[in-house]
Amino acid sequence: MDKPFAITLDPGSSLANRTGSWRTFRPVYVDRLPPCNAACPAGENIQGWLFHAEAGDYEKAWLTLVENNPLPAIMGRVCYHPCEGACNRGQLDESVGINAVERFLGDEANRRGWQFAPPLVSSSGKRVLIVGAGPAGLSCAYHLRRLGHQPVIMEAARHAGGMMRYGIPQYRLPRAVLDAEIARLIDFGIDIITSAKVEDVESTMREGGFSACFLGVGAHLAKRAYIPAGDAARILDALTLLHDVEAGEPPLLGRRVIVYGGGNTALDVARTAKRLGAEESIIVYRRTREKMPAHASEVEEALQEGVAFKWLATIKAADEGEVMIEKMRLDEKGFPQPTGELERLPADAVVLALGQESDLSLLDNVKDIEIINGVIQVDDNKMTGRAGIFAGGDVIGGEKTVTAAIGHGKRAARAIDAWLSGRTYAPPKKPEIATFERLNTWYYSDAPKTVRPTLDLVRRQSTFDEVVGGLTEDNALYEARRCLSCGNCFECDNCYGVCPDNAVIKLGPGQRFRFNYDYCKGCGLCAAECPCGAIVMVAEEI
Amino acid sequence: MFEQIEGSRAVAKAVALCRPEVVCAYPISPQTHIVEALAEMVSSGVLSPCEFINVESEFAALSVAIGASATGARSYTATASQGLLYMAEAVFNAAGLGLPIVMTVANRALGAPINIWNDHSDAMALRDAGWIQLFAEDNQEAVDLHIQAFRLGEELSLPVMVCMDGFILTHAVERVDLPTQAQVDAYLPPYSPRQVLDPAEPVSIGAMVGPEAFMEVKYLAHAKQMEALRLIPQYAEEFRAIFGRPSGGLAHAYRTEEASTIVVAMGSVMGTIKDVIDEMREAGHAIGALGITLFRPFPTAAIVAALRGARRVVVLEKSLAVGLGGILATNVRMALAALPIDVYTVIAGLGGRAITKRSLHALFRRAEKNDLDSLTFLDLDERLVARQLAREKERRKSGPVAENLLRDVGVIAARNY
Amino acid sequence: MHEQPIKFYQTGTFTVGNRLLPPEQRTVQSRIKRYNSLNSGHRACQGCGEALGARYCVDAAMEAANGRLIAANATGCLEVFSTPYPETSWQLPWIHSLFGNTAAVATGIAAALKVKRAKGERRHIRVIAQGGDGGTTDIGFACLSGMFERNDDVLYICYDNGGYMNTGVQRSSATPPAARTATTPSLEGALGNAFGQGKFLPEIALAHGIPFVATATVADLHDLEAKVRRAMEFHGARYLHVLVPCPLGWGFPSHETIKMARLAKESGIFPVFAAESGEVVASAPIRRKVPVEDYLRPQKRFAHLFSPTLNLAALARLQELADRNIRKYRLLPETL
Amino acid sequence: MFQVRIHGRGGQGVVTAAEMLALAAFDEGRYAQAFPSFGSERTGAPVVAFCRIDDKPIRVREPIVTPDALIIQDATLLHQVDCFGGLKPEGHILINTGKSLAELGLEEYLAAHPRERVLTLNATEIALRRLGRPLPNVPLLAGFAAMTGLIRLEAVEKAIAERFAGKVAAGNLAAAREAYSRILSSLERAHV
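Residue numbers (our numbering), protein chains in the order written: chain A, 27 to 568; chain H, 444 to 860; chain E, 1048 to 1383; chain S, 74 to 265.
Just so you know, these hints were derived from the structure itself, not from any lab.
Computed from a predicted model, the values in this text were never measured in an experiment.
Honestly, I wouldn't trust all of these hints.
[As the list claims (entries may be wrong)] Computed spacing ranges between beta-carbons, pair by pair:
1) H:Pro470 with A:Tyr543: 53 to 63 angstroms
2) A:Glu458 with E:Glu1280: 41 to 51 angstroms
3) E:Pro1345 with H:Gly554: 46 to 56 angstroms
4) S:Ser173 with H:Arg801: 52 to 62 angstroms
5) H:Gly554 with E:Lys1336: 55 to 65 angstroms
Beta carbons are placed, not taken as given, at the ideal position from N, Cα and C, and that holds for glycine.
This is chain A alone, in the form it adopts within the complex:
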């Protein structure tokens, strides 16, 4: 075209005008720590695996999940999901049903036979002794294996699983699920030797040629309380009861069962008692429902199943066919104080669920390990005072949950890996938490949480069938997609779209975006309209 001078212009010519020079603030992409991830005791990258689940790529989601936690099907059942409590979506409508999706993924993996990705590094040849095949030990072994080491688990019980097998009733964790996830770990190359109680760690390590050791022996000894009891009084401890049920030898409890305690174990026992045929299953707890350490959902489910509660009560004495309880009141500090007011309750059996302790006799010959109140003292890297011996799970106290134990195992494995090569493990610095205030929630449409199906009450009172069902694929997808992806780009294209200067370059699926600072004028629209708060405006140096 023989175009007129100046009046008619060619396309593309404005690119000569680098409007980036106008900028006083520049947008920068950041990744923040999502509150769910921050709250996960197992250190799962929840948002990371939800990202793939949202796309329906469940295998990739599962693979992402198991980078941190090898037991998603178990997690999806027994974890008390602090992640959901931290979830920002809870401030919008309801938190994302992370736990349900996790279970869905775990079950999918079992159903489809998905396997872990091969170890990240080639074999180091280093053998690590792991004492106890509970969640801490399994987790530690798994992560060590991923890091190229050879873990060997020695388990005192006949079957691996620890508290997951001997403490959690089947209606919460079907054994097929447990077995499947343990089997996958064995397939991954972890040696588990059962019925092999380690009596002396030092000698076992020496004899077995182990370069390091992780102690995950758990807390299997029931704490006792002194209760004056007649000879005929039938008093059991919760762990023994649960263990016997698991071993197929349920004890006779009678019609009326009193469970003493307020933790999750107390609830497990009370609900188990119902399933064993008790007409009455009553939990006696010295404080109120609000103060109960047991998880609220468990209390709710127990109530549904007809478990009764006696709040603000202690057992003063037990005798054949009855217990004497004393009513308590809370003082101004919230501590229960006796009132002197007594009451008799008929009871065929009393089950004590007052906590557990560890059997630490295997450390008798180990020097430098400090034990306070039955709890092994470890540093941040879970290493005891004896170099090369690490510990985690219930033995180190703190939060005694499966999830926490898995987290301990992972952290210990990383520390062991470092220690084996003469380093000290330093975890990567965590980014700032993606708080709710950083989100632009306009872009998330309203979508309430999906309620998981539950087993009908009749069956819940007579069988050990799993109470809480899983999600269908549709539901799981829906639930996954409720994730706000707090603090991390999820490729919603808002920045790409809202830039009036086309100064955002879209890099393609999974590649996110890049700013084109040649043209970015620094208006800040991208940051303001980023739903998940993954862009910050930073002052330009002038």
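Using the hints, position chains H, E and S against chain A.
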């Protein structure tokens, strides 16, 4: 083929023979008959394919033509008087964008007072808008100039205004030789735009140009218009070859040989002037005339060549630069500045005032005796004007001038015979 | 008219893109290879709503026209910031003629294309015209009305930022009541722009009975693109009126452009609806209703309503305008 | 050059009459120029149209100041407008009326005018009868042809055929022929 035909219809037929693709129109006298005739031809399918757009104003009419022309369509519209002023902004714009629109201006006076009759005030008001301006002497020339206008405009990428006297030509039924389609096709190639809105080559037309290049843009527009001075005689020659008659060109001299007095004028009044010249020549006067066909660009060289032998030049024009005098005359004076020729400005025929042979005879005879002021208003009612001026001197609120004058004249409607 | 909301809750239908949607349901703006009809390097202010709205609309029209589109553009910010010699930001054939004749220029383009197509010289090409509110509701109104009345095959898009921003923020007939502009000052307790003046052009367009009239904002891309797409399904005159907040003229920080548009819509002060053949067929419902005060308060052009004293009377009148829109266009579920 | 001025009112076909006269002259191989008085011609307003006929091209553009002939389509104009202004001595005058010159009050004024140069024709009556509409222009044109001999009846008929179609053409044709013969009769009487 000869036809006894109204000027407007003849022009419409000529335009149709040029195969315009978009015609837009807004009614204003005395242009209306042209677009009415084109509407008929489009409606009946005689002119097809062609889009005839009835717009809501002259401003829109030319704007539609701008859009159409920029899209590569041969575009035409027509207007007059107030209509031309109403589209003034677009008139400049079409030229600035270099769009070869052809527009007929059926010349008419400008208000106030509103007046529908002929003079050249409208075209003169927009003489510097960047359009080529051609003035037709009779309806034959009006027809011929339109055909040449498309050729010229499209070659130069410039819009062309073909001016023909309102009513006097547009409404006159007279003999016109209308060309055949084959002749027009032979003369006028299909429109090959210099720039066009096309997704295949997506240019931006109509950029904002700042001080760094605006002068250059304007200079180039001037240079391009000056190109017309070279092309027009050439196209007129080619026209004669195909159509068999001379038409167009820069200016026509009439009996200027040995003329000591030459009358310069534009448009239909040339016919009356020629009759007067003939009669005066017969009576022994050394007088001739020069009809100017091309007003923009101004054919200075051709005018100097035609007038250099005269002792005096009488510029008779149908427009008035209020506060100065003549417009055509000013241009002629500029052209003749270096020559020892007396130039007289005569303002005539404003608002349809008849220019009669009798008045011209008297005027030219006075001119020959150097008995003219440098600025003369032909057939001005001096008494009437004097009375109003006196009235205004007396009191400030003397009332509306036009009404006062009409009261003095003693008629309600103007008569022109 | 509005898109069937997509059952995707992470981002619903509100974000620009969505990696999880099937490609055909994704917005034009989310494509890696989108048209970018308005290219980088233009000279619009930071956070310019009009630049954003223009790219949204023209890209969507380009998509609908399969890239075969011509645009006519009125004088104004959009024209000035996009085509200062020697740089143009437009990547489609584009013409700027004058301030007030854009609709007519577009008519001419459409007419030319019709003839060229009849002659077999050109394939099918669509035409849009665009301008700001001044070039549309004021100086370009006659040509626009003419284009509507003739039902010329043009989609006219008005980018409404409520004033003559190019010339330094003067009042237009689209300036909202009580807004301060350079020609409706708020000095000495004056109210700013008067109540009861101005015009809402979409309703005037609607009165022409043309095939399609709609409003949209830059805050809801899905709605906007759906409207452009729908508009392009029709032939004849179509009108789209897009609210494009102006950081400079309204007085808010450049990163709040979309938020302002969102508040305008959510308060009801700017009704988002669509009409076909003269009848309103759909309204975009308010999702999180806010009092009109929430929309006004962040804008400096309304600052005189809040300080030094609260002008409750004016606020009440503005709220009534919003409420009237809500009733008239059924913007809330309970008004259905 | 022969110059004709036609007076009438808007709506009476004054301009058409001038144009048809020019057309008829053109059909006879002559040059002709017809033009109206250029105004806002509203129905009922006084209107003037002109026609020049010559054997060589006509260049002059001034209004016809000194006509060779007048056609007065509406006799009521006689006392409103200076219809006879500039008429050449012994110029033709054709008036559309059923009245006599005396009845029109023109007897005295035109006393010196040759009798065969001032004729009346009730063209409106003819038109009403032949055409069904009070349009006197065509019969007057035919009468003018008969009166002046400037153009032949055939040329008028041809112009009618070019200008009109169907019933209107047929009616006008009949009206023209009747008017033509009536004027011929009037001329005979005038010469007697």
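Hint check:
1. H:Pro470 with A:Tyr543: 53 to 63 angstroms: The hinted range 53 to 63 angstroms holds for H:Pro470 and A:Tyr543, with Cβ atoms some 58 angstroms apart.
2. A:Glu458 with E:Glu1280: 41 to 51 angstroms: Once the Cβ atoms are compared, 48 angstroms apart, the range 41 to 51 angstroms for E:Glu1280 and A:Glu458 holds.
3. E:Pro1345 with H:Gly554: 46 to 56 angstroms: holds, 51 angstroms
4. S:Ser173 with H:Arg801: 52 to 62 angstroms: violated, 36 angstroms
5. H:Gly554 with E:Lys1336: 55 to 65 angstroms: Roughly 56 angstroms apart at Cβ, these two residues keep to the hinted range, so it holds.
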